[in-house]
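As you go down the protein sequences, you meet chains A and B in turn. Read left to right, the first sequence gives residues 1 to 517 (the numbering used here). Read left to right, the second sequence gives residues 1 to 56 (the numbering used here).
Careful, some of the hints might be misleading.
Stated by the list, open to error - Footprint (simulated), chain B over chain A, 3 or more residues, beta carbon under 8 angstroms:
1) 78-92
2) 207-216
3) 368-380
4) 403-409
As the list claims (entries may be wrong) - On the chain B side, residues computed to face chain A include the following (Cβ under 10 angstroms):
5) 4
6) 25
7) 26
8) 41
Claimed, not checked - Keeping only pairs whose Cα atoms sit at most 30 angstroms apart, straight-line, the calculated BS3-like set for lysine-lysine is:
9) A:307 <-> A:91
10) A:372 <-> A:307
11) B:8 <-> A:300
12) A:307 <-> A:8
13) A:85 <-> A:406
14) B:8 <-> A:8
It should be emphasised that the hints constitute simulated quantities derived from the structure, not laboratory data. Note that the structure is a prediction, hence the values are computed from the model and not measured. The beta carbon of each residue, even a glycine, is placed where N, CA and C say it ideally should be.
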Amino acid sequence: MDYAFLLKWLAAFSPIGVVLALMLGLNWGGGRAGAAGWFTAMLVAWGVFGADVDTLALAQTKGALLSLNVLYIIWAALLLYQVVKEAGAIKAIGAGIQRFSADPVIQMLIFGWVFGSFLQGVAGYGVPIAVVAPLLAGLGFAPVVAVAAPAIAHSWSVTFGSMGASFQALIAVTGLSAAQLAPWSAGMLGVAGFMCGAGSLHLYGGTAALAHGWLALLAVGGVMGLTQYLLAVGGMWTMAGFGASLAGVAACLAVARLSPYRKSTAAAEAASGMGLAWALSAYLILIAIVVPAEMIPLLKKWLGAIKLSLDFPAMVTDGGWRVAAGRGASISVFGHGGALLFYASCAGYAVYRLRGCYPSGAAGRILRETAKSALPTSLGIVSMVCFALVMDQAGMTYLLAEGLSKTFGGLFPLFSPWIGLLGAFMTGSNTNSNVVFAVLQQRTAELAGYSAAVILAAQTTGGALGSMVAPAKILVGCSTVGLGGQEGPVLRATITYGLLITMSMGLIALGAAWLLR
Amino acid sequence: MAWLSRHKSLVGGVALLIMLLAPFGMYFAFLAGARILLWGLLAAMAAAMAVMMRTG
Numbered sequence: 001m002d003y004a005f006l007l008k009w010l011a012a013f014s015p016i017g018v019v020l021a022l023m024l025g026l027n028w029g030g031g032r033a034g035a036a037g038w039f040t041a042m043l044v045a046w047g048v049f050g051a052d053v054d055t056l057a058l059a060q061t062k063g064a065l066l067s068l069n070v071l072y073i074i075w076a077a078l079l080l081y082q083v084v085k086e087a088g089a090i091k092a093i094g095a096g097i098q099r100f101s102a103d104p105v106i107q108m109l110i111f112g113w114v115f116g117s118f119l120q121g122v123a124g125y126g127v128p129i130a131v132v133a134p135l136l137a138g139l140g141f142a143p144v145v146a147v148a149a150p151a152i153a154h155s156w157s158v159t160f161g162s163m164g165a166s167f168q169a170l171i172a173v174t175g176l177s178a179a180q181l182a183p184w185s186a187g188m189l190g191v192a193g194f195m196c197g198a199g200s201l202h203l204y205g206g207t208a209a210l211a212h213g214w215l216a217l218l219a220v221g222g223v224m225g226l227t228q229y230l231l232a233v234g235g236m237w238t239m240a241g242f243g244a245s246l247a248g249v250a251a252c253l254a255v256a257r258l259s260p261y262r263k264s265t266a267a268a269e270a271a272s273g274m275g276l277a278w279a280l281s282a283y284l285i286l287i288a289i290v291v292p293a294e295m296i297p298l299l300k301k302w303l304g305a306i307k308l309s310l311d312f313p314a315m316v317t318d319g320g321w322r323v324a325a326g327r328g329a330s331i332s333v334f335g336h337g338g339a340l341l342f343y344a345s346c347a348g349y350a351v352y353r354l355r356g357c358y359p360s361g362a363a364g365r366i367l368r369e370t371a372k373s374a375l376p377t378s379l380g381i382v383s384m385v386c387f388a389l390v391m392d393q394a395g396m397t398y399l400l401a402e403g404l405s406k407t408f409g410g411l412f413p414l415f416s417p418w419i420g421l422l423g424a425f426m427t428g429s430n431t432n433s434n435v436v437f438a439v440l441q442q443r444t445a446e447l448a449g450y451s452a453a454v455i456l457a458a459q460t461t462g463g464a465l466g467s468m469v470a471p472a473k474i475l476v477g478c479s480t481v482g483l484g485g486q487e488g489p490v491l492r493a494t495i496t497y498g499l500l501i502t503m504s505m506g507l508i509a510l511g512a513a514w515l516l517r
Numbered sequence: 001m002a003w004l005s006r007h008k009s010l011v012g013g014v015a016l017l018i019m020l021l022a023p024f025g026m027y028f029a030f031l032a033g034a035r036i037l038l039w040g041l042l043a044a045m046a047a048a049m050a051v052m053m054r055t056g
């Protein structure tokens with residue numbers, strides 16, 4: 001046993017340990033825990049890993065750039081939510097869905113699983129949780145369930161969502177082709193999809209909800225998983241997440257017509273005073289904006305013409321960790337997901353205003369409420385992202401993964417998804433997890449004689465599943481249902497399912513890797 | 001400290017501004033070789049984090 005390595009590994013883990021202990025043990029909010037994690041990470045990076053002041057300072061700049069990238073979406077998502085809420089449309093959506101199906105199991109699957117996956121397919125970072133959580137709360141689900149269920153349910157769709165950004169990162173850093181990576185990645189994520197749907201149902205209603213919803217779960221999960229697999233393997237991986245969720249919407253609506261789930265309360269919508277279509281108009285506008293903006297290459301190029309970023313020099317710590325020179329996160333001012341949400345907010349506001357849904361002074365209230373809910377979330381995200389970047393730039397995150405791969409040797413595939421999960425937990429991003437860890441996983445797989453495609457599928461699946469436990473994403477959802485500062489209970493709810501599903505993925509990866517050895 | 005807790009929104013807003021702007025100041029201070037400014041901005045960032053940890 002190399003005790004020096006073990007001590008260094010424990011030191012590298014300490015900022016994560018501090019954040020987890022404070023959030024799960026003492027119920028601290030994400031912002032406070034993130035700040036504590038930041039101090040720990042800075043001290044360990046400087047004292048143990050030999051990061052000098054320049055490395056630490058540039059880590060903050062990279063963190064601020066990445067934070068702005070994320071906050072752009074969050075601020076705009078909160079604005080959209082307040083626009084819809086102020087018009088009374090959230091209540092109307094709840095009533096409208098109850099008319100379509102009053103079965104809470106179907107409501108959970110439609111919103112948390114399918115609609116959340118659809119939003120992941122077209123938008124990405126945090127949007128599924130930010131948009132779906134208030135809708136579920138409006139339907140009467142408890143606030144913790146309203147945030148935790150979509151966080152669990154949508155995570156399977158992250159790799160191929162956002163036009164396959166995370167999968168693209170996997171291809172870029174490993175040098176393997178989409179044809180080599182897609183079958184195992186799509187297959188493993190398809191299996192995870194069932195588990196994520198089941199997890200959200202179990203969180204809502206325990207085994208009774210699972211017993212009631214198993215048919216819908218199998219039917220919708222099968223359609224989504226198979227569609228994603230066929231699109232990914234067929235070379236259309238940029239469309240795989242989006243196509244799968246669209247097929248899922250159709251399947252879910254069909255399943256809701258089956259006798260076990262066909263319950264409706266026609267009086268509910270009439271009482272709300274606004275039809276479902278009108279109530280959903282802001283979200284329909286969002287879809288109408290996002291789909292062409294992502295799928296029409298000319299429009300995408302035009303919207304993405306202005307990008308803000310900074311170039312960073314190469315850095316080396318006293319501990320020998322080298323950070324390559326490169327460009328930080330770039331923010332597309334007009335084509336960013338946040339910009340698209342902002343356009344939808346403005347258009348949605350105009351539609352509701354023309355329909356006379358707003359009382360006087362609504363615009364001021366919308367802006368005030370948006371700022372009020374955005375502040376604690378923003379503080380939490382900046383502190384979390386900055387502490388993750390300090391760990392990354394000092395080589396601490398890499399050392400954590402290296403320790404796992406060294407320790408578990410032949411059983412390494414079992415832990416591959418955990419490394420992906422660790423990356424996503426730290427950065428709140430499947431893409432960043434793949435960028436940081438994919439090469440490590442690939443090299444370890446090659447040294448141990450395992451199939452790199454299987455190990456990398458486990459990496460990206462773990463990275464996707466990390467979305468449900470990433471504090472940065474939990475913070476987003478909590479802010480939209482008035483749970484700001486109470487992220488601990490939500491994280492406790494998601495972490496159990498996250499760990500169970502990741503463990504299952506590890507077993508699948510181990511079996512597949514041994515079979516193909 | 002009681003004042004900080006009473007004016008949480010104001011304090012939080014200022015802390016957020018520091019946490020988002022100071023890192024860019026650090027970047028340009030690094031490029032310009034202004035070591036004292038870089039240290040000062042890092043200290044400001046640490047102060048903002050400390051206030052946030054205290055007030056939530």
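Sort out which numbered hints this structure fails and list those numbers smallest first. Hints 1, 2, 4, 5, 9, 11, 12, 13, 14 are the ones this structure does not satisfy, whereas the remaining hints hold.
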